[in-house]
Amino acid sequence: MENSEKTEVVLLACGSFNPITNMHLRLFELAKDYMNETGKYRVIKGIISPVGDAYKKKGLISAHHRVIMAELATKNSEWVEVDTWESLQKEWVETAKVLRHHQEKLEAGSCDHQQDSPMLGKPGQKRKWVEQRQDFSQKKLLEPKPKDVPKVKLLCGADLLESFAVPNLWKSEDITQIVEDYGLICITRAGNDAQKFIYESDALWKHRNNIHLVNEWITNDISSTKIRRALRRGQSIRYLVPDLVQEYIEKHDLYSCESEEKNVGVILAPLQRMYKSLNL
Amino acid sequence: MKSRIPVVLLACGSFNPITNMHLRLFEVARDHLHQTGMYQVIGGIISPVNDGYRKQDLVAAHHRVAMARLALQTSDWVQVDPWESEQVQWMETVKVLRHHHSELLRSLPQTEGQDHGRACSVAPTAVPELKLLCGADVLKTFQTPNLWKDAHIQEIVEKFGVVCVSRTGHNPKEYISGSPILRRYQHNIHLVREPVQNELSSTYIRRALSQGHSVKYLLPDAVISYIKDHNLYTRDSSWKGSSTQRNEGKTD
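In order, the protein sequence lines correspond to chains X and P.
One gets the working numbering by counting positions in the first sequence from 1 and adding 81 to each.
One gets the working numbering by counting positions in the second sequence from 1 and adding 43 to each.
Chain P on its own, in the form it takes in the complex (with noise of 0.2 Å):
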């Protein structure tokens, strides 16, 4: 039998908060990359963003990370990483994605004889690859003006590769076919259909809590605790925007 391709899969996001939907991105990228038969997910990891984002609304990295913990728990092959949000300041996703790639080669079992740190010999269809995983709105946000460096967008589709997700709203194929770049290495952008189409976003459930409703259902129970332990998302801390109003229908 041929042997698959290990591979990781890395979240990057402000996670603000965590929500079954970035959940389940996890679980539909892994079903389709064992469907195509060429690969074999061996982890998933969750990266909060640095509060360096400064994005608004953004709280705390430590409950950010807190949350995604305990969303994780009952989980057995995804966790969360703090490396990026403990870092002095916000990095790109790229820097983000070496780290873990270094890290992943480092923990790759060395044989015997090998100097620990050096390159190990495993046959290179073993190395695992780290993929990064995203909905389509994250690829959509390649073509913003000076949001991505080029040579990073490049990067990131060359050397390591991307599972996107889709979305309500995007058409992914669009996004690939506008760029040059993301059309030379569109093989290695993997469009992952999620049958159960969730609007579910975690600017969602911030409007839903300031306004008092329920969440229950959205997110683990373990996490709706912790924001209410911590008094998160509440009335004043969250957008003051005047039309906070439940009929504006629209969600980001």
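One chain only, chain X, in its complex shape (with noise of 0.2 Å):
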């Protein structure tokens, strides 16, 4: 296929990124490796997403250091970099929502070839791709179709697909909009039980096409709960995250036994906002 009629993709992964670790970075790899080979997709930018401080997850610390760690992991990559929206908004954001904001960017950002997208405001490498985009539109005078605006896709490991299945966690009608307008990347080291879990679904069932299951091979099970734990011992975390992030954490002292009890007792954002839509 040509690459022209191939469909753009850009990857964006959600989370607490707390901290981030080589793992997070690796799912952008084997997504990006999985989906260009394909032959029908063409990644063509990732963007970390790191959630807001509403989100209220226990030990979460502030949105601050978990940019600036992302921006920080990110620094040695083409084609990844970090948004903030998400974790300057004041209320938790859904993550349909967030898919739906960077959508519609992308598309303002292809109608209007003057215009330069907020999104990146590093000099340098990543400049490319408006670059490209600016090219791409001033050839096509006209509205450009659909198709050829980039596609936003959901990145995440299997734990976010199965954490559909928590009660009042995700809207259904969000969980429908995910897979139906922009579509899941998965990557899993158990392919059967992510695909049981879909088939276990009438939404993710109906649009399965929409989702991808990317497998990887080998266990890299670097959690950001397990960083976090072996900092509270006084336990290297060296290769296990970026140098310049352990440098930053070390720095900064930024996990504890304090930094872990943040939030607790506190519900998280998505629960008490259903709660709260049921009256409850």
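These are calculated hints, taken from the structure and not from any lab test.
Be aware that a few hints might be false.
As the list claims (entries may be wrong) - In silico BS3-like pairs for lysine-lysine, Cα to Cα no more than 30 Å straight-line:
hint, chain 1, residue 1, chain 2, residue 2
1, X, Lys-287, X, Lys-87
2, X, Lys-307, P, Lys-183
3, P, Lys-259, X, Lys-186
4, X, Lys-343, X, Lys-138
5, P, Lys-216, P, Lys-98
6, P, Lys-259, X, Lys-307
7, X, Lys-307, X, Lys-343
8, X, Lys-156, P, Lys-271
9, P, Lys-259, X, Lys-87
10, P, Lys-183, P, Lys-138
11, P, Lys-259, X, Lys-121
12, P, Lys-259, X, Lys-156
13, X, Lys-178, X, Lys-139
Put the two chains together into one complex, using the hints given.
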């Protein structure tokens, strides 16, 4: 398939990134290789969107630090970068809304080739993407056809997919919207479990063509939880997170027993919102 | 305060190429030894194996040494030593241990009045111990017939000591209990649990590279650049096995 016939894809990863680890970064690499190899897609960009503090997850340190660590982690990446929009919102934002925000931004960016994409505040390599888009849209002076706009897809691990089943955590219409309008790329070690999960959900099954399961052949179990635990115990986290992130954590003494106690007893934002809407 | 025994960790292996997992071995081993309260890890050595080892797909030693050096650029306590790789032929691990141990002793500060080269009079507790650092897979190979000489295994566990980091699919306690030599010196075999299960291996890296897949974040960027610049581990140079499909799922 010609490059021009391929659907351009932007991978969006939402999450706490508390802290970001080499495993998070691997998700992007695995997803990009997989999607590009289908021959139908061309991954042009990766976005890390750290969740806002209003999410109220236990042990969640300030978004300010989490964003900086993600930026340090992606400093040497040519295609993955950090977006702060979600983290700057006062209230917690549902994932479907974050997807919509980024999709609309892409559509706005491709319609108006004069507009400088607000996403790219950084000089250097990542601006190449904007230049490409400008050239491309300059060739199409009329409104671009919908298929020319890159598509945002949610990148995640199996834990997020399976969290769809946690009561009250997700609105069912959000799940539907995510798989119907956007699409999911799920990196997992246990492909069979994930497939079974999709099979057992009518909403997911209906849009299974929009759910891409990518097998991670080697266990790469670098969870943020383990990183935080190692830090509390004075153990090394080198080579589990990028060096710059490790240095930043050390310099600012970010994770401790105290920080892990943050939000204890507080109800997670999505649950709180659900209870409110149910008048509980 | 009771003084700790200084320890240097020596890792032998192909390092074909070096990965974040190899680098982690040193970190978890050091943490473990420190937390016993008995040891102070003062250094780490990576010793890539000689080309004469003739393992399949082993790229030239000078590359493997260069990659390890790049990987260790940012380490303030581990370094690569090319001595083993520069010898005329492959040599047994115990000889590498002996060499580095005598180098260690030679580098100790001499007290006044001693001739250079004579045994120094540092108190026994201050003499550094050199320990073999390895994954559990290596401990298992002690069982492989004819791979190791019994006398060498004994010397390794008796005179030096082993720090063995756990690995998925391996049960090092089992290997120890299954061997009389290892059982006798099990006090000198430190089993380290790596809480972050990581099946990353050089084999996986080589396969991914030969298939044109990204290996970013699995090994240092500087090593990836070196591999690309020198065209290592490409499809042509990689293993010619027929079932190199990604869906094999088996790493080594």
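Checked hints:
1. Restraint check for Lys-287 of chain X and Lys-87 of chain X: the C-alpha separation of about 23 Å stays at or below 30 Å, so the hint holds.
2. Proposed proximity of Lys-307 of chain X and Lys-183 of chain P is supported: the alpha carbons are some 28 Å apart, at most 30 Å.
3. Between the alpha carbons of Lys-259 of chain P and Lys-186 of chain X the distance comes to roughly 28 Å, so the proposed pair stays at or under 30 Å and holds.
4. Restraint check for Lys-343 of chain X and Lys-138 of chain X: the C-alpha separation of about 8 Å stays at or below 30 Å, so the hint holds.
5. In summary, the hint linking Lys-216 of chain P to Lys-98 of chain P is supported, as the alpha carbons are separated by about 28 Å, within the 30 Å threshold.
6. Of the pairs offered as hints, the one joining Lys-259 of chain P and Lys-307 of chain X holds, with about 21 Å between alpha carbons and a cut-off of 30 Å not exceeded.
7. The straight-line distance between the Cα atoms of Lys-307 of chain X and Lys-343 of chain X is roughly 17 Å, inside the 30 Å bound, and the hint therefore holds.
8. This hinted pair checks out: Lys-156 of chain X and Lys-271 of chain P have alpha carbons roughly 20 Å apart, not beyond 30 Å.
9. A threshold of 30 Å between alpha carbons decides the hint, and for Lys-259 of chain P with Lys-87 of chain X the separation of about 25 Å falls inside it, so the pair holds.
10. A hinted pair counts as satisfied when its Cα atoms are at most 30 Å apart, and Lys-183 of chain P with Lys-138 of chain P qualifies at roughly 20 Å.
11. Between Lys-259 of chain P and Lys-121 of chain X, the direct Cα distance comes to roughly 23 Å. Compliance with the 30 Å bound is thereby established for this hinted pair.
12. Distance check on the hinted pair: Lys-259 of chain P and Lys-156 of chain X sit about 13 Å apart at the alpha-carbon level, within 30 Å; holds.
13. A C-alpha spacing of about 23 Å is found between Lys-178 of chain X and Lys-139 of chain X, which places the hinted pair at or below 30 Å, so the restraint holds.
In terms of the numbered hints stated before, the structure departs from none.
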